[in-house]
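**Student:** One-letter residues, chain by chain:
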Amino acid sequence: MKEAVIQVTDLKKIYQMGSVEVKALAGVSFNIYWGEVVAIMGPSGSGKSTLMNLLGCLDRPSSGSYILDNEQVADLNDDDLALIRNQKVGFVFQSFNLLPRQTALANVELPMRYAGVPQAERTIRAKAALEMVGLGERVHHKPTELSGGQQQRVAVARALINDPAIVMADEPTGNLDSKSGKEIMELLLGLNRDKGTTIIIVTHDPGIGAQAQRVIRLRDGVLEEEKA
Amino acid sequence: MNLWQAILEALESIRSNKMRSTLTILGIVIGVGAVIAMLAVGAGAQSTITGSISGIGSNLLFVYSGNSTVDVTNPKMITTDDAAAMLDQSQAPDVLAVAPEIQGSLKVSAGKESENATVSGVTVDYATVRNSTLSEGSFFSDQDILGRTSVAIIGNSIAKKLYDRTDGVVGETIRISGQPFEVIGVLESKGGSPFTSQDNTVLVPLTTAQVRLMSRGSDEVDVVYVQAISADSVSAASDEISQILRTRHRTKVGLDDFTVYSQEDFVSTAKSITNVFTIFLGGIAGISLLVGGIGIMNIMLVSVTERTREIGLRKALGARKNDIMLQFLTESSMLSLLGGVIGIGLGWLLAFLIGKIATALGSPLQPEVGLNAILLATIFSTAVGLFFGMYPANQAAKLEPVEALRHD
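First to last, the protein sequences are chains A and B. Count the first sequence with this note's numbering and you get residues 54 to 281, in order. Count the second sequence with this note's numbering and you get residues 72 to 479, in order.
Don't read these hints as lab results, they were simulated from the structure. It cannot be assumed that every hint is accurate.
[Claimed, not checked] Straight-line Cα separation of at most 30 Å, DSSO-like style, residue types lysine-lysine; simulated pairs:
1. A/65 with B/469
2. B/392 with A/195
3. B/178 with B/231
4. A/76 with B/469
5. A/232 with A/180
[Said to hold, decoys possible] A partial selection of chain B residues facing chain A, derived with a Cβ cut-off under 8 Å:
6. 76
7. 79
8. 89
9. 121
10. 122
11. 390
12. 392
[Said to hold, decoys possible] Selected chain A positions facing chain B (Cβ under 8 Å, derived; list incomplete):
13. 106
14. 111
15. 131
16. 132
17. 136
18. 139
19. 144
20. 150
21. 152
22. 167
23. 189
24. 191
25. 195
Just so it is clear, the structure is predicted and the values come from calculations on it, not from any experiment. Where a beta carbon is used, it is the ideal one built from N, C-alpha and C, also for glycine.
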């Protein structure tokens with residue numbers, strides 16, 4: 054039996070817009086198992102980004118239960134959540150979100166700073182991670198001196214740096230040309246293959262969805278179906 | 072994230088926004104500079120004033136008519152007889168010498184040159200009591216006092232102004248209020264300072280002054296200088312003099328119609344005056360520091376808004392509230408510490424310039440930039456940065472990561 058890394062039960066996220074309640078997530082339940090590659094798909098406004106933010110502990114649900122690695126997330130305080138984001142989850146964003154004034158190396162080092170890793174070790178690990186994503190020659194370049202694909206590779210290196218159990222990617226190829234997009238996907242899938250990292254990708258691109266082992270489809274804040 | 076890294080990052084951020092950082096720092100630079108300069112000027116003024124008072128001599132007492140602390144009905148003035156009585160060895164064993172004086176600001180002239188000078192009628196003992204020395208000539212003799220002779224001893228700068236020289240002046244004639252006096256001596260320069268400027272003085276025999284230059288009722292004098300036998304016996308001498316005057320003036324208990332000051336009283340009075348002056352100046356300068364602090368807060372708030380997305384990202388990567396707080400607080404205190412350091416330099420320069428200008432204008436002032444002023448300014452400016460950075464940093468720290476990331 055596969056062990057679940059994520060167990061979601063009746064998870065809801067309701068936004069209060071003035072007097073109107075908007076149910077971004079109207080109660081979803083599913084499990085994600087260790088070492089899976091899961092795509093969360095759905096049209097825009099279906100709640101997939103909301104779900105991703107909840108899974109990544111960037112936001113708190115309105116109700117429902119979310120157990121991440123045997124921990125009930127609702128019981129954790131802000132600092133515990135920060136620790137989870139630092140140690141257990143790596144993020145890759147659609148718009149890369151690199152610090153523009155810092156070098157690739159410094160960007161990759163950033164999560165280790167918050168983890169309290171000493172400088173010398175940070176540099177070694179960050180260089181290794183950048184080499185792994187094929188940017189060993191560009192460690193001292195700033196984001197503006199890199200192409201979109203290269204920037205996203207820096208972001209992937211940053212997501213991996215604390216060796217997280219899960220990497221969450223929100224439209225990771227959305228801002229890239231198809232070639233760079235493909236390279237990023239290969240990186241992520243390779244990570245799953247080599248290290249067994251659980252990968253969750255939010256996308257509306259069926260081509261990306263097809264590369265996942267499983268797709269969770271959302272529509273209007275509820276699960277549409279689950280394709281095995 | 073440790074403090075050292077936070078400092079490095081803060082410096083990096085300050086550097087990447089040079090123009091804005093410079094303008095923000097400027098407020099603190101001016102504030103700290105003003106505080107440092109004003110405190111230095113205050114300290115300089117204090118030491119100049121107390122120094123010149125100390126130069127009077129530590130075993131000297133000043134006896135004046137009147138009493139500023141209580142209302143006395145029918146007060147009697149101090150007279151030359153009172154002064155003579157103070158010399159009574161049996162009643163005042165601690166008194167060494169007594170020198171009564173009357174003073175007035177009169178016009179003195181020689182040839183076409185004329186000048187306003189402090190003209191003092193003094194006795195023979197004045198020279199010892201006030202420690203006056205002559206660069207030429209001789210002091211008054213008992214005959215001059217008794218005979219009310221028309222002789223004068225002039226101060227250094229008076230000699231320069233009237234005769235354009237300070238030697239060979241003895242024998243010249245000087246007119247005081249139009250009356251001719253023969254110059255018999257020139258006082259050695261003691262340098263200009265607010266209280267003891269004897270360079271702009273003309274001395275004449277007390278009796279001559281009473282009769283011919285200044286009208287005072289029945290032998291009244293303006294001040295009596297009393298020299299105690301030593302610095303230790305000043306307070307004993309003060310008590311003895313007071314007792315003699317009380318008896319002679321028949322004053323009621325606690326209703327003295329005279330005041331005895333010691334040099335120490337003057338020093339402490341001058342100190343308290345200059346302290347108020349320093350606090351006043353420093354306080355005004357402090358206001359500009361406050362304004363500088365508000366400038367920092369303003370810029371930090373702008374910076375938090377501008378960097379909302381960055382804050383969201385940092386939180387997504389594992390930054391805790393405290394990490395964000397530390398980052399922004401470090402930045403604001405670095406800004407203001409930097410301003411403080413530059414401000415100390417500016418203040419130093421300013422104090423130096425003020426000193427130069429004051430000296431050029433004839434009132435020597437040596438501003439003193441004290442170590443405690445520097446420490447105060449450094450600590451205070453950092454505290455200003457911390458205080459005014461608190462609110463923006465807190466705004467940044469409490470941003471929800473998901474909200475912050477969504478921000479553009």
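**Student:** Hint by hint, say whether it matches the structure.
**Tutor:** Going down the list of hints, with the structure as the test:
no.: 1; hint: A/65 with B/469; result: holds, 23 Å
no.: 2; hint: B/392 with A/195; result: holds, 27 Å
no.: 3; hint: B/178 with B/231; result: holds, 16 Å
no.: 4; hint: A/76 with B/469; result: holds, 25 Å
no.: 5; hint: A/232 with A/180; result: holds, 24 Å
no.: 6; hint: 76; result: holds, 6 Å
no.: 7; hint: 79; result: violated, 10 Å
no.: 8; hint: 89; result: violated, 12 Å
no.: 9; hint: 121; result: violated, 54 Å
no.: 10; hint: 122; result: violated, 55 Å
no.: 11; hint: 390; result: holds, 5 Å
no.: 12; hint: 392; result: holds, 6 Å
no.: 13; hint: 106; result: holds, 5 Å
no.: 14; hint: 111; result: holds, 4 Å
no.: 15; hint: 131; result: holds, 6 Å
no.: 16; hint: 132; result: holds, 5 Å
no.: 17; hint: 136; result: holds, 7 Å
no.: 18; hint: 139; result: holds, 2 Å
no.: 19; hint: 144; result: holds, 5 Å
no.: 20; hint: 150; result: holds, 5 Å
no.: 21; hint: 152; result: holds, 6 Å
no.: 22; hint: 167; result: holds, 4 Å
no.: 23; hint: 189; result: violated, 22 Å
no.: 24; hint: 191; result: violated, 20 Å
no.: 25; hint: 195; result: violated, 11 Å
Hint compliance for this structure: hints 7, 8, 9, 10, 23, 24, 25 are broken, all remaining hints hold.
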